[in-house]
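Chain residues, written in single-letter form:
Number of protein chains: 2
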Amino acid sequence: MDIRSYLTDKTAAVDAALDRLLPPAKSAPRAIHEAMRYSVFAGGKRLRPVICLAAAEACGGTTAAAMAAACAVEMLHTYSLVHDDLPCMDDDDLRRGRPTCHKVYGEGMAVLCGDALLTHAFATLAQIQSNKRYGVREYLAELAFAGGSTRLIGGQVMDLQGEGNTLTKRELVRIHQAKTAALLTSSLRLGAMTANATPAKLAALTKFGLALGLAFQVIDDILDVTQTTEVLGKTAGKDQAVAKATYPGLVGLDASRREARRLTRNALAALEPFRAKGARLREIAGYLLMREY
Amino acid sequence: MDIRSYLTDKTAAVDAALDRLLPPAKSAPRAIHEAMRYSVFAGGKRLRPVICLAAAEACGGTTAAAMAAACAVEMLHTYSLVHDDLPCMDDDDLRRGRPTCHKVYGEGMAVLCGDALLTHAFATLAQIQSNKRYGVREYLAELAFAGGSTRLIGGQVMDLQGEGNTLTKRELVRIHQAKTAALLTSSLRLGAMTANATPAKLAALTKFGLALGLAFQVIDDILDVTQTTEVLGKTAGKDQAVAKATYPGLVGLDASRREARRLTRNALAALEPFRAKGARLREIAGYLLMREY
Chain Z
1488 MDIRSYLTDK TAAVDAALDR LLPPAKSAPR AIHEAMRYSV FAGGKRLRPV ICLAAAEACG
1548 GTTAAAMAAA CAVEMLHTYS LVHDDLPCMD DDDLRRGRPT CHKVYGEGMA VLCGDALLTH
1608 AFATLAQIQS NKRYGVREYL AELAFAGGST RLIGGQVMDL QGEGNTLTKR ELVRIHQAKT
1668 AALLTSSLRL GAMTANATPA KLAALTKFGL ALGLAFQVID DILDVTQTTE VLGKTAGKDQ
1728 AVAKATYPGL VGLDASRREA RRLTRNALAA LEPFRAKGAR LREIAGYLLM REY
Chain Y
1488 MDIRSYLTDK TAAVDAALDR LLPPAKSAPR AIHEAMRYSV FAGGKRLRPV ICLAAAEACG
1548 GTTAAAMAAA CAVEMLHTYS LVHDDLPCMD DDDLRRGRPT CHKVYGEGMA VLCGDALLTH
1608 AFATLAQIQS NKRYGVREYL AELAFAGGST RLIGGQVMDL QGEGNTLTKR ELVRIHQAKT
1668 AALLTSSLRL GAMTANATPA KLAALTKFGL ALGLAFQVID DILDVTQTTE VLGKTAGKDQ
1728 AVAKATYPGL VGLDASRREA RRLTRNALAA LEPFRAKGAR LREIAGYLLM REY
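Line by line, the protein sequences are chains Z and Y. Using the numbering used here, the first residue of the first sequence is number 1488, and each one after it goes up by one. Using the numbering used here, the first residue of the second sequence is number 1488, and each one after it goes up by one.
Do not rely on the hints blindly, as some may be mistaken.
When chains are identical, the list treats them as one kind, so a pair holds in a single copy or across two.
[To be verified] Heads up, simulated SDA-like pairs for lysine to any residue below, C-alpha to C-alpha not over 25 Å straight-line:
hint, residue 1, residue 2
1, 1731, 1594
2, 1513, 1652
3, 1590, 1574
4, 1590, 1755
5, 1513, 1576
It should be emphasised that the hints constitute simulated quantities derived from the structure, not laboratory data.
Using the sequences and the hints, build the whole thing.
Structure representation (structure tokens):
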């Protein structure tokens, strides 16, 4: 199966599982469940759950065993977008080409919707079967770390504090590591854990995830400068407009493109211990780099 | 030990454990960790963690085994207050006599602070030791249910939607059950689970918690009408000012007082299976009812 078919296939499987694992739209109170589903089914790329599933396969596991972990990661990712879009945060009206949660349901409901998605992400971890090395305790610790105050939330804090200030490249890298790379890395690790992966495999995936996450964020920054709003599905040039530090802003477009390629090479090198079994993860990394930036 | 000494003693132990279990104030990014600690150490009554510990004792367990569960519940409770106080929600400037989180740290940081407390509440569950009947899977499912979109968050949704509308007594009871009684009940159940309690004991505590939670909320409603801002530590008469439905508003003050006493009697009856071991829980219920309303 070529990589595009693989991604289409896994994305559909993730969507079906999310539909099954989220509270029904008609359960009371309906407004919150509608808002949760509106936000989750808003045309996301499902990058995090798909790499979670691919990591499970790379470690000899199955999609079935990894699916609850994959969905938990996507719910957590979606909550962070819903809160990040709020007027008191990034104040975004568009996300993935559609009005953001608070534009449709109001600010109060968007706060609660994010809270509910975060809570349900953790609830979903309780669905994962234990194996010899890992149980719910390990899944919970992993996701709470990636989503916690020193990683995902910490990155948003640094982002919030950095707006309008001049950041160094080092500070910007720290924000990207915390905001993006940490959750990508945990997506991989959670998938691997459902496959009973050795600690050495987890360490290799951690290296892969951190490099891939940084590459992904550098590319996003480049796209924000070079693409139109229509293509992005969100307001283009927004980072510049709010004087937010970006890679291209700090080091220029050419150097940013070189950095994205360098990081992807590092990511691919980290996959060497997986040999042939790392093929899908390699393809995904290549696919992300081939986005036209 | 009399009930006041018991409460003082347990509250101090909970405060010390919270200090140990929360991220250090000086860990980066400092702003979020300061905001988390500002909100948690704001003079709360620690009712939920204390009844968690008391439930563990009533089931033959120890404070030490129940402490992480008790702290997780308090972190989750605090997150819900921080988000509830936001301008787009209840818009409160004062909480427990001090400026609310967003008044001190700004709205964006208050959203993130709540998110971080919620995430850390779940992270803290991973610290609980397993016993014969219960492990992290059960603790996680319990807390996520009580804090989820059909209970705690669902109650806030109903609250948000109910403002300015005329609610029936039945609708108001549903909001109180979801917003207050569910988390009190889970506090008791989590404590009992750390003591390896039988399902019958959990069922009895569930009855106790639901009745106690409703009694507690009815009393809070009464106090909002009858007490001054100074005594309450929050803006008095606020519920009336925003036309929020309250027990006294629907059935009058006298009927509300009778209802509070009736619910407390039901709560006490639910404790009969615990015989002498239920003494502390009985005292706590009595203590809550003896608040001057």
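Tell me, in ascending order, the numbers of any earlier hints that this structure violates. 4
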